[in-house]
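Just so you know, the sequences run in chain order L and W.
The numbering of the first sequence is the numbering used here, which starts it at 1 and goes up by one.
The numbering of the second sequence is the numbering used here, which starts it at 1 and goes up by one.
Just so you know, not all the hints are guaranteed correct.
[Stated by the list, open to error] With the C-beta cut set under 10 angstroms, the calculated list includes, among others, these residues of chain L facing chain W: (1) V36; (2) L219; (3) L356; (4) I371; (5) L417; (6) R468.
[Unchecked claim] Pair by pair, the computed Cβ-Cβ distance ranges are: (7) L:T481 x W:S29: 42 to 48 angstroms; (8) L:S480 x W:G135: 49 to 55 angstroms; (9) L:S480 x W:D36: 44 to 50 angstroms; (10) L:A291 x W:P199: 17 to 23 angstroms; (11) L:E329 x W:G135: 51 to 57 angstroms; (12) L:G434 x W:P199: 19 to 25 angstroms.
In short, the hints are calculated from the structure, not lab data.
Backbone N, C-alpha and C define an ideal beta-carbon position, used for all residues, glycine too.
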Amino acid sequence: MLWACLHIPDFSLQLLQRAAAPVEPVIVSTGGNRPVVLSCNVQARSHGIAPGMKMSAAIALAPDLVERHRDATGERHALACIAGWAGQFSSMVSLSPPDALLLEVEGSLRLFSGLRQIMLRLSGGLNELGYTGTAAVAPTPTAARLLARAGLHSTVTDPAGLESALSGLPLALLDQPAETVRMLALAGVHTVGACLALPRDGLARRFGQSLVDELDRALGKLPDPRRPYEPPARYRARLALPAPVHETEPLLFAAKRLVLELAGFLRMKQAGVTRLKLALRHEDRRPTVVALGFSAPSRDPQRILRLLRERLARLELPQRVEAILLESEEARPLDSRNLSLFPEDNVPEEERSAVLDHLRARLGVDAVYSIASHADHRPELAWRACQIGVRGEPGAAEPSVAEYRAGGRPERPLWLLDQPRRLPVQEEAPALDGPLTLLAGPERIEGGWWDGNDVARDYFVAANGQGRRFWIFRERGAASTWFLQGIFA
Amino acid sequence: MPPSLDLVLQNPAIWRGDQYAKVAVESISSGFAELDAQLPGGGWPRAALTELLANQQGIGELRLLAPALAHLSREEKWLMLIAPPYRPYAPGFESLGVELARLVVVSTRSQAETFWAAERCLRSGTCAAVLAWPGPSSERMLRRLQLAAEEGKSFGVLFGPTRNAAAPSPAPLRIQLSAARGRLGLQILKRRGGGWAPPLSLALDTASADAERALRVEPRCIPARAPRLRRTRHGVA
Chain L
1 MLWACLHIPD
11 FSLQLLQRAA
21 APVEPVIVST
31 GGNRPVVLSC
41 NVQARSHGIA
51 PGMKMSAAIA
61 LAPDLVERHR
71 DATGERHALA
81 CIAGWAGQFS
91 SMVSLSPPDA
101 LLLEVEGSLR
111 LFSGLRQIML
121 RLSGGLNELG
131 YTGTAAVAPT
141 PTAARLLARA
151 GLHSTVTDPA
161 GLESALSGLP
171 LALLDQPAET
181 VRMLALAGVH
191 TVGACLALPR
201 DGLARRFGQS
211 LVDELDRALG
221 KLPDPRRPYE
231 PPARYRARLA
241 LPAPVHETEP
251 LLFAAKRLVL
261 ELAGFLRMKQ
271 AGVTRLKLAL
281 RHEDRRPTVV
291 ALGFSAPSRD
301 PQRILRLLRE
311 RLARLELPQR
321 VEAILLESEE
331 ARPLDSRNLS
341 LFPEDNVPEE
351 ERSAVLDHLR
361 ARLGVDAVYS
371 IASHADHRPE
381 LAWRACQIGV
391 RGEPGAAEPS
401 VAEYRAGGRP
411 ERPLWLLDQP
421 RRLPVQEEAP
431 ALDGPLTLLA
441 GPERIEGGWW
451 DGNDVARDYF
461 VAANGQGRRF
471 WIFRERGAAS
481 TWFLQGIFA
Chain W
1 MPPSLDLVLQ
11 NPAIWRGDQY
21 AKVAVESISS
31 GFAELDAQLP
41 GGGWPRAALT
51 ELLANQQGIG
61 ELRLLAPALA
71 HLSREEKWLM
81 LIAPPYRPYA
91 PGFESLGVEL
101 ARLVVVSTRS
111 QAETFWAAER
121 CLRSGTCAAV
131 LAWPGPSSER
141 MLRRLQLAAE
151 EGKSFGVLFG
161 PTRNAAAPSP
171 APLRIQLSAA
181 RGRLGLQILK
191 RRGGGWAPPL
201 SLALDTASAD
211 AERALRVEPR
221 CIPARAPRLR
231 RTRHGVA
């Protein structure tokens, strides 16, 4: 077994800075009656503020300080979201609250062609999600976490090398009460190595069995089972913006963090999203909801972001946005695709529908449609706008191509007018840019008594002097009233 | 021995004024042998913009493309109609052999949107053909579309008025269309490989041939009282 630990130092502060890096000093405090600074950003540090300081002292140092209370629930949720994203790298991801993840990576070495590649992708991906973390590898999860907490990007693959790798680490990194660590320090024991050199039974008697057990787990002498993280069915994540914004770009930047996380989550699930919801929270209004639909399941972050950009650019925000929430509403299975030797021989459905989704996002859902024949003799009802990719109904009244070709069926125009247009009559003949010559017809079309739109028309193919051809008709019984309905383009 | 004149003329570096240079472009047969013979690559260029200039709709400008469109609709890619001037009529397209499940109609509200949609579709690589009716167009926009068509390997067709012929255009193929006694007259204004192309006159289909006959027999209009009614009563089950 080989464990990788992703440790995110100052997790509560990083969570605040994820959507945008603030320029003013920001600190995270414990809240409560006697608030204490938990972590602070670079600007706050430059004012002399340090973790552990009382809030009153911090405010005295920097009056324009932005104080945020620690949000333990939000942190737990954010950590779970990272675990979902990390699921694409390993089948065994375990949470190590409050600020670390453990991944069993030995099983993934072959898939990702080596440990180095996995670690590069892990830390690179984590940066794209908006976090900075330390990644360490060790044969036991406890050792990996100790190394990561120490801020070491070290890789220990051999269990025999564990003791020497850990011996220099300070004892404060252990999950032990502060009192234990303080007492050990008073005895002159500051590092893991010094602690291991002490007699075991005495150590257990004085400082408790838990200290000895933790050291044993780190060295692999005791079993160290971890509970695997179970991802939820849907992705749902919230990201608070440090300062409310009104512009599209910062919103997109924040959304990108979540979309990348979603993409990792979907890859872990072997799924693609078909419906996605982005809710923009306002201070005192109902959230603005942007719903995205995909014709084919997708988990390509670039594609999702492109659609979001189109929608956000056209959005009128009633108020500034202070938080965004991304939720995958519907996902469908989507297998990974093998790379083809000839890249053009099959275009996957996802790629083909991408262009249509983009057009819809910009031009509106109704602006992009397909047409199909419909079983009706009346020309205006013989077609339907329909969803793309749907075939016309079987048994449509219009004859098939072969029939057209073989049987000399009457011709049909390519353009149809929405409303038949009344034609002027010159010398008893219809005219359109000159008198019309009747080329073919009449073709009597009657029908519609069943739905009240009864028609009885004689259709002709007509041409004018310029060579344009039209589909015209006259109503039965009204011999000299001509209408234009179609154009043979 | 001095080389004979024939040998010299076979040298590909020598171009004779009555020929157009044969260039290897990926193309799709137009379905009309006379036209294919005049087009570089033997058909419509597949990864380029083609301009069809005509002042009127209804002279057969779409039926000219029909064999190619029917062929392209057998592929797993889209046929896009962007901002068509009228409602595309499904039975009509079906009768030309176009697979309707591949046909996508895009309606736009402005010329800018038409250009944007055309460019997006041409570039996507998932549209076999993109037919657009953008109205007046600038050289800059055409250049963008041409680049997009090259990138997406898409057969892009722009319909425009004949007055566009005077303006320079980066489209490698420009054809002016006119109606000629029931046939469609084509004048190639520009093509890859250059050379003057003789004007063509195509009979688009049998229906047009009938039309020609009718025109010859009855030079003036048929009286509106139709002579003989072919009674085909449809619709009642």
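Taking the hints in turn, this is what the structure says about them:
1. V36: violated (55 angstroms)
2. L219: Because about 56 angstroms separates L219 (chain L) from the closest Cβ in chain W, which is outside the 10 angstroms limit, the hint is violated.
3. L356: For L356 (chain L), the interface hint holds, since the closest Cβ of chain W sits about 7 angstroms away, which is under 10 angstroms.
4. I371: holds (4 angstroms)
5. L417: Interface hint status for L417 (chain L): holds (6 angstroms vs cutoff 10 angstroms).
6. R468: holds (4 angstroms)
7. L:T481 x W:S29: 42 to 48 angstroms: Given range 42 to 48 angstroms: holds, Cβ gap about 44 angstroms.
8. L:S480 x W:G135: 49 to 55 angstroms: violated (36 angstroms)
9. L:S480 x W:D36: 44 to 50 angstroms: holds (46 angstroms)
10. L:A291 x W:P199: 17 to 23 angstroms: For A291 (chain L) and P199 (chain W) the Cβ distance comes to about 54 angstroms; the hint is violated.
11. L:E329 x W:G135: 51 to 57 angstroms: Cβ of E329 (chain L) to Cβ of G135 (chain W): about 39 angstroms, so the range 51 to 57 angstroms is violated.
12. L:G434 x W:P199: 19 to 25 angstroms: Distance hint for G434 (chain L), P199 (chain W) holds at roughly 23 angstroms.
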